[in-house]
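A.B. asks: If you want this note's numbering, it's the 1-based position in the sequence shown plus 1.
Treat each hint with caution, since some may be false.
What the hints assert, rightly or not - Here are the simulated lysine-lysine pairs, DSS-like style, with alpha carbons at most 30 Å apart: (1) Lys112 - Lys245; (2) Lys112 - Lys41; (3) Lys211 - Lys191; (4) Lys211 - Lys89; (5) Lys70 - Lys129; (6) Lys81 - Lys41; (7) Lys112 - Lys191; (8) Lys70 - Lys112; (9) Lys245 - Lys104; (10) Lys70 - Lys193; (11) Lys104 - Lys81; (12) Lys245 - Lys211; (13) Lys211 - Lys237; (14) Lys89 - Lys112; (15) Lys104 - Lys211; (16) Lys129 - Lys193.
Said to hold, decoys possible - Here are the computed distance ranges between Cβ atoms for each label pair: (17) Glu207 - Phe115: 27 to 33 Å; (18) Asn4 - Thr198: 34 to 40 Å; (19) Ile108 - Glu62: 18 to 24 Å.
What the hints contain is simulated information worked out from the structure, not anything from laboratory work. The beta-carbon is built from N, C-alpha and C at its ideal position, and this holds for glycine as well.
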Amino acid sequence: CRNSIVFKGGTCLRKCYINDFRFSEDLDFTVTSPDFILDKTLLSEITTLVTERTELPLYIEHLTQLRHKDTPTGYAAIVKFWGADHSKDQAVPPPERWTTSIKIEMIQYEKLLFPVTERPVTHGYSDKLTNATDGIPCYNLQEVMAEKLRALIQRSYTAPRDYYDIWYLSRNMPDWDWLVVVTAFHEKMKFKNLEFTGVEQLINDENDRKIKAAWVNSLGHQINPAILPSYEFVKKDLTELFNKIF
Numbered sequence: 002c003r004n005s006i007v008f009k010g011g012t013c014l015r016k017c018y019i020n021d022f023r024f025s026e027d028l029d030f031t032v033t034s035p036d037f038i039l040d041k042t043l044l045s046e047i048t049t050l051v052t053e054r055t056e057l058p059l060y061i062e063h064l065t066q067l068r069h070k071d072t073p074t075g076y077a078a079i080v081k082f083w084g085a086d087h088s089k090d091q092a093v094p095p096p097e098r099w100t101t102s103i104k105i106e107m108i109q110y111e112k113l114l115f116p117v118t119e120r121p122v123t124h125g126y127s128d129k130l131t132n133a134t135d136g137i138p139c140y141n142l143q144e145v146m147a148e149k150l151r152a153l154i155q156r157s158y159t160a161p162r163d164y165y166d167i168w169y170l171s172r173n174m175p176d177w178d179w180l181v182v183v184t185a186f187h188e189k190m191k192f193k194n195l196e197f198t199g200v201e202q203l204i205n206d207e208n209d210r211k212i213k214a215a216w217v218n219s220l221g222h223q224i225n226p227a228i229l230p231s232y233e234f235v236k237k238d239l240t241e242l243f244n245k246i247f
């Protein structure tokens with residue numbers, strides 16, 4: 002399993018790159034082996050191992066194979082857990098009544114253009130992690146940025162987190178080679194049969210209204226509202242960045 006998937010997404014950025022990055026509720030991976038299959042047996046083995054090591058009860062609520070036009074594209078799962086948001090001596094209710102869960106998504110239909118980077122897991126708690134967390138296969142940051150840019154065009158919905166992530170990474174991670182990133186962006190667009198026609202695809206009147214309206218509600222529970230930048234501030238920076246690199 003470890004050699005067949007690569008960690009990516011917001012949780013990867015927070016736990017393996019930037020410990021004060023925004024919170025994320027998902028675990029996202031790209032599948033790199035054509036032989037990898039996520040079925041109930043494998044996922045049960047994983048959740049059982051996690052419970053043994055952490056004493057955290059887990060319950061697989063949902064596991065499905067993702068498809069696009071009858072072609073398998075990956076897997077999505079919802080795993081419920083009995084967390085700490087209850088009194089110490091409260092009896093564990095049936096899993097169907099648990100209210101906390103995490104989404105796991107593994108995408109097969111993706112083209113990686115940069116070498117995978119092995120990163121340690123940042124763990125700011127007193128319990129000790131196993132040595133297995135020392136070298137987690139993760140997306141290279143240039144891979145992250147290229148896919149984030151593509152997501153602005155590819156997604157069927159407007160996600161404020163994509164704009165925030167691009168803004169945050171462009172400001173806080175040094176030494177971006179934007180020519181390399183943009184070249185990778187075009188490669189990833191081509192791989193998904195998408196066409197780039199100009200910067201107006203990234204920020205325009207239609208998505209501008211949607212992002213602005215959803216900005217605080219979408220990001221306010223992932224970032225301390227006291228430090229969440231305004232959408233207008235981020236939009237100004239991104240408009241300058243997009244006009245510079247494209």
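A.B. asks: Hint by hint, say whether it matches the structure.
C.D. replies: Consistency of the hints with the structure:
1. Lys112 - Lys245: 25 Å, holds
2. Lys112 - Lys41: 26 Å, holds
3. Lys211 - Lys191: Between Lys211 and Lys191 the Cα gap is close to 26 Å, so the pair holds against 30 Å.
4. Lys211 - Lys89: 42 Å, violated
5. Lys70 - Lys129: 45 Å, violated
6. Lys81 - Lys41: At roughly 14 Å apart (the allowed maximum being 30 Å), Lys41 and Lys81 satisfy the hint.
7. Lys112 - Lys191: 10 Å, holds
8. Lys70 - Lys112: 19 Å, holds
9. Lys245 - Lys104: This hinted pair is violated, its Cα atoms lying about 36 Å apart.
10. Lys70 - Lys193: 13 Å, holds
11. Lys104 - Lys81: Within the cut-off at roughly 9 Å; holds.
12. Lys245 - Lys211: Roughly 24 Å separates the two Cα atoms, so the pair holds.
13. Lys211 - Lys237: 16 Å, holds
14. Lys89 - Lys112: 46 Å, violated
15. Lys104 - Lys211: Answer holds: Lys104 to Lys211 is near 24 Å, not above 30 Å.
16. Lys129 - Lys193: Status violated; Cα separation ~41 Å.
17. Glu207 - Phe115: 27 to 33 Å: Holds - the Cβ-Cβ distance for Glu207 and Phe115, about 32 Å, lies within 27 to 33 Å.
18. Asn4 - Thr198: 34 to 40 Å: 39 Å, holds
19. Ile108 - Glu62: 18 to 24 Å: 20 Å, holds
In terms of the numbered hints stated before, the structure departs from hints 4, 5, 9, 14 and 16, listed from lowest to highest.
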